[in-house]
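Undergrad: Chain residues, written in single-letter form:
There are 2 protein chains.
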Amino acid sequence: MTATPGTRPAALDWSMGNCTIARAMGVLGERWTLVVLREVFNGVRRFEDMRKHAEIPRQVLTNRLATLVEAGVLRREPYREPGERSRHEYRLTEMGFDIYPILIAVADWGDRYLADPEGSPLTLTHRDCGAAVHLTLACEDGHELHSTREVAPRPGPGAHRR
Amino acid sequence: MTATPGTRPAALDWSMGNCTIARAMGVLGERWTLVVLREVFNGVRRFEDMRKHAEIPRQVLTNRLATLVEAGVLRREPYREPGERSRHEYRLTEMGFDIYPILIAVADWGDRYLADPEGSPLTLTHRDCGAAVHLTLACEDGHELHSTREVAPRPGPGAHRR
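Which chain is which? The protein sequence lines are A and B, in order.
With my numbering, letter number 52 in the first sequence gets 59, and the count goes up by one each step, no holes.
With my numbering, letter number 15 in the second sequence gets 22, and the count goes up by one each step, no holes.
One should not assume that every hint holds.
Which chain B residues stay away from chain A? Per the calculated CB distances, all over 10 Å, these [to be verified]:
| # | residue |
| --- | --- |
| 1 | ARG65 |
| 2 | THR143 |
| 3 | PRO162 |
| 4 | GLY163 |
Derived coverage of chain B by chain A (criterion: at least 3 residues anywhere in the stretch with Cβ under 8 Å from a Cβ of chain A; other residues may be distant) [as the list claims (entries may be wrong)]:
| # | stretch |
| --- | --- |
| 5 | 52-58 |
| 6 | 83-94 |
| 7 | 107-116 |
| 8 | 144-158 |
Keep in mind that the hints were calculated from the coordinates and are not lab data.
Even for Gly, the Cβ is constructed at its ideal location relative to N, Cα and C.
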């Protein structure tokens with residue numbers, strides 16, 4: 008996840024052709040936005056790297072990056088390779104970094120229902136111990152929920168009667 | 008969440024104009040799909056109810072529902088009101104129900120960054136105790152993660168070299 012200018016992200020060595028996050032968003036909506044974020048979370052931060060690695064059409068990538076920068080999810084950081092013009096790479100803001108649970112939730116669901124028989128090309132692991140990371144549900148009173156059937160939607164603080 | 012034919016879902020009494028899930032997906036991609044699912048999770052299962060409650064254009068709703076049924080996320084269930092023709096309502100399949108963590112992750116993020124000052128119109132609560140539900144991160148070795156900074160992406164079982 009920590010790339011310095013000039014180093015090639017390790018994620019570029021791996022095909023994303025069977026990525027279950029992309030498949031989940033193919034079902035769930037406009038998939039390219041989360042795919043762009045998947046790249047950034049994987050340390051792929053430069054336009055041409057993203058375009059080739061994720062096989063995103065150039066104009067789509069331009070638009071998604073602009074939207075994400077405007078929304079405050081990504082910020083542009085200048086860099087310059089020796090002998091080339093100055094370019095920008097894309098970094099997660101704090102708001103962007105907090106999208107990680109969404110990506111993990113999408114990945115968990117995609118892995119369960121849309122993966123190839125061999126499994127997903129990507130595993131999200133605990134940096135300290137290497138074990139796979141998953142989302143669990145807990146309430147503010149400290150109870151762990153064992154099923155989403157235990158969740159009940161209620162009007163929140165901003166609820167208005169129609 | 009449990010509506011019987013003929014009962015009006017309580018969620019219909021509440022405005023969704025400041026829904027932070029909708030706002031999050033306005034940033035994150037094609038927002039209507041998760042908005043349709045938000046309605047179904049809230050017990051709003053009928054075409055006209057969804058259309059009016061979520062203010063979704065008719066053709067968009069038709070398309071999103073067809074996609075979700077085809078993908079296996081929703082199934083059609085027939086019902087008939089007295090004196091009217093038979094219609095269908097939309098129910099979550101098991102695959103659909105497992106999308107709940109994605110919705111919760113999107114809601115958590117939307118609540119943090121995109122809510123009105125008064126808060127979100129919707130709270131997801133623990134059915135047993137009423138406390139708000141959130142997602143937490145844990146690894147398969149049983150460690151709780153206190154920050155997404157502790158997550159590291161790694162090639163998974165389905166990773167292929169390019």
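Undergrad: Starting from the hint list further up, note which numbers the structure goes against and sort them upward.
TA: 2, 3, 4, 5 and 6
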